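Enquirer: If you read the protein sequences in the order shown, they are chains A and B.
Okay, so the first sequence: first residue is 1 according to the numbering used here, each after it adds one.
Okay, so the second sequence: first residue is 1 according to the numbering used here, each after it adds one.
It should be emphasised that the hints constitute simulated quantities derived from the structure, not laboratory data.
Certain hints may be false.
Copies of the same chain look alike in the list, so a pair counts if it fits in one copy or across any two.
In silico SDA-like links for lysine to any residue, alpha-carbon gap of 20 Å or less [said to hold, decoys possible]: (1) K238 - L211; (2) K289 - T32; (3) K321 - R107; (4) K321 - S105; (5) K320 - P308; (6) K321 - P103; (7) K320 - P93; (8) K289 - L28; (9) K320 - L260; (10) K321 - P308; (11) K320 - S295.
Just so we're clear, the structure is a prediction, and the values are computed from it rather than from any experiment.
Number of protein chains: 2
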Amino acid sequence: MPTEIDLAAATARLAGVARQTPVLRSRLLDETLGAEIHLKAEHLQHTGAFKFRGAFNAIAALDSDIRARGIVTYSSGNHAQAVARAAQIFRVPATVVMPNDAPSSKRQATESYGATIVTYDRFRERREDIAESILSEQHFTLIPPFDHPDVIAGQSTCARELFETSGPLDQLIVSVGGGGLISGSALAAHEVNPRCRIVGVEPESGNDVQLSLQQGRIVEIDVPDTIADGQQTTSPGKHTFAVMQQHVDEIVTVTDDQILDGVDYLFRFQKQVAEPSGACALAAILANKINVAGSRVGVIISGGNISPERFFELMEPRWKK
Amino acid sequence: MPTEIDLAAATARLAGVARQTPVLRSRLLDETLGAEIHLKAEHLQHTGAFKFRGAFNAIAALDSDIRARGIVTYSSGNHAQAVARAAQIFRVPATVVMPNDAPSSKRQATESYGATIVTYDRFRERREDIAESILSEQHFTLIPPFDHPDVIAGQSTCARELFETSGPLDQLIVSVGGGGLISGSALAAHEVNPRCRIVGVEPESGNDVQLSLQQGRIVEIDVPDTIADGQQTTSPGKHTFAVMQQHVDEIVTVTDDQILDGVDYLFRFQKQVAEPSGACALAAILANKINVAGSRVGVIISGGNISPERFFELMEPRWKK
Chain A
1 MPTEIDLAAA TARLAGVARQ TPVLRSRLLD ETLGAEIHLK AEHLQHTGAF
51 KFRGAFNAIA ALDSDIRARG IVTYSSGNHA QAVARAAQIF RVPATVVMPN
101 DAPSSKRQAT ESYGATIVTY DRFRERREDI AESILSEQHF TLIPPFDHPD
151 VIAGQSTCAR ELFETSGPLD QLIVSVGGGG LISGSALAAH EVNPRCRIVG
201 VEPESGNDVQ LSLQQGRIVE IDVPDTIADG QQTTSPGKHT FAVMQQHVDE
251 IVTVTDDQIL DGVDYLFRFQ KQVAEPSGAC ALAAILANKI NVAGSRVGVI
301 ISGGNISPER FFELMEPRWK K
Chain B
1 MPTEIDLAAA TARLAGVARQ TPVLRSRLLD ETLGAEIHLK AEHLQHTGAF
51 KFRGAFNAIA ALDSDIRARG IVTYSSGNHA QAVARAAQIF RVPATVVMPN
101 DAPSSKRQAT ESYGATIVTY DRFRERREDI AESILSEQHF TLIPPFDHPD
151 VIAGQSTCAR ELFETSGPLD QLIVSVGGGG LISGSALAAH EVNPRCRIVG
201 VEPESGNDVQ LSLQQGRIVE IDVPDTIADG QQTTSPGKHT FAVMQQHVDE
251 IVTVTDDQIL DGVDYLFRFQ KQVAEPSGAC ALAAILANKI NVAGSRVGVI
301 ISGGNISPER FFELMEPRWK K
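Working from the sequences, and respecting the hints, build out all of it.
Expert: As structure tokens, this is what we get:
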């Protein structure tokens with residue numbers, strides 16, 4: 001579990017490097033919910049998601065000679081772009097293992113940060129095996145997408161900023177994939193706002209964390225069928241599970257349709273483009289899955305990486321005249 | 001022309017009332033243009049556009065007994081919502097004269113702030129006549145959409161905030177309808193950043209301000225055929241023309257297609273939803289209509305009020321798979 005020193009180090013490393021993302025307010029949202037909602041616009045972070053914080057921190061924490069040999073990760077999503085950009089800042093090589101059917105927009109974005117892409121056939125090969133072989137052959141360092149103390153410590157800086165900007169909150173609502181963001185958020189709250197309830201939100205079909213916390217052990221599920229591609233994880237990590245067991249108060253789930261309600265709301269009333277996983281936390285309060293009445297609530301909009309074409313495809317049934 | 005005292009009064013009246021909207025940065029945009037671009041996200045202002053500043057300031061400047069009798073304005077767009085909301089804050093009645101074929105979303109938004117809507121047939125009646133008859137019968141005060149010193153002074157606070165946040169700029173790019181925002185911006189620059197070039201952007205088919213400044217007199221054109229509905233004005237106002245003649249350096253124009261490039265860019269890379277007029281200033285620099293290389297440039301994203309249905313209609317030809 002990341003220590004207080006790890007968290008402080010992450011805060012120092014990211015100061016002036018990560019964007020201090022704005023906190024958006026909405027009179028309409030407050031009136032509708034009878035609450036005070038503080039939307040942390042983390043989709044405006046570098047590379048379009050909170051992932052930059054964890055990736056940069058973990059790479060910054062390496063010894064410089066180790067870092068110089070190169071970084072490797074596996075991800076087809078926001079973590080890939082985050083690692084690629086962080087490695088670019090340190091001018092060290094990055095290799096990203098990605099399925100050969102990953103969306104070309106995500107591949108292009110990752111390549112635009114100078115990373116080398118290694119593709120694999122996800123029906124015949126395991127990405128961990130590919131990454132392992134690169135690691136052993138080339139002496140690269142693996143930066144995993146969530147299950148790493150320095151990744152978690154990096155993610156903690158998002159909630160810390162929110163508490164600094166908005167003051168003490170009664171509840172903090174966070175979307176949950178592998179648990180990196182909520183683990184970091186919970187640790188930040190534990191330090192600076194210990195009375196804040198920490199609530200995680202998973203897609204209904206991908207409730208591996210909810211099941212794991214209920215059963216008190218890491219539960220593995222099949223790859224979830226959900227539009228929330230940032231939350232298609234099959235189980236929490238060892239580190240994130242330990243933090244969540246201790247510090248997370250509740251996990252709720254939302255349907256894909258409720259997630260799209262969140263995306264719709266953010267577009268319509270907040271003028272923000274969120275990807276489905278990025279709108280997941282807001283979706284839970286719009287769907288009354290969490291009792292927020294009368295409380296000061298933080299909600300992290302965790303990512304905005306969605307191509308206009310995919311956005312159009314998802315929203316067309318609602319918005320087409 | 002608004003005086004320095006008018007500007008200072010507007011700043012004081014709007015402090016803590018208008019949102020201090022964020023300034024967004026983009027590494028990609030800076031690299032693409034070889035410039036330092038500061039996007040003032042004024043579409044995140046109350047009621048979704050800069051118009052709130054001018055409307056609130058003009059209403060706040062009235063004697064309280066005059067204000068209490070009520071406010072009237074004519075607008076089918078962002079100024080209508082701004083006046084309605086500002087009047088609601090002061091708990092005074094507002095009447096908005098709107099064509100009977102105005103988009104229902106704009107009508108609903110205006111009504112949601114408690115205003116009374118009076119409709120007219122724009123093919124048979126003049127909105128000024130309707131407003132006049134309301135004024136004379138009911139002793140309301142007219143708050144026009146742009147041609148009023150206190151409206152201009154209110155709009156000046158947007159650029160003032162940008163200079164405060166971003167420091168001195170070499171150029172400030174502003175979309176131009178009736179000239180309220182650019183007049184306010186130019187006056188703010190004149191006070192705090194006098195070396196800043198002020199550049200206005202009009203839709204190609206609605207270049208009434210460009211023509212007026214070229215000819216040195218107020219030119220009236222037909223209602224422009226453009227998607228930029230916030231800029232369908234037919235001539236600048238007397239006050240705004242006077243300010244622009246003295247303080248605006250250049251007016252450039254963009255096509256509707258270039259405006260949509262701006263909307264597209266803001267969606268794709270900044271995760272922001274702008275209405276066409278709101279993306280007009282950015283569109284001009286993306287289309288290389290203004291030489292920005294090597295300079296520090298402010299760009300105001302002036303509004304975000306567009307229904308998802310209309311947004312999709314406009315973007316479908318580009319984004320539909």
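Enquirer: Tell me the hint numbers this structure goes against, listed in increasing order.
Expert: Hints 7 and 11 not satisfied by this model.
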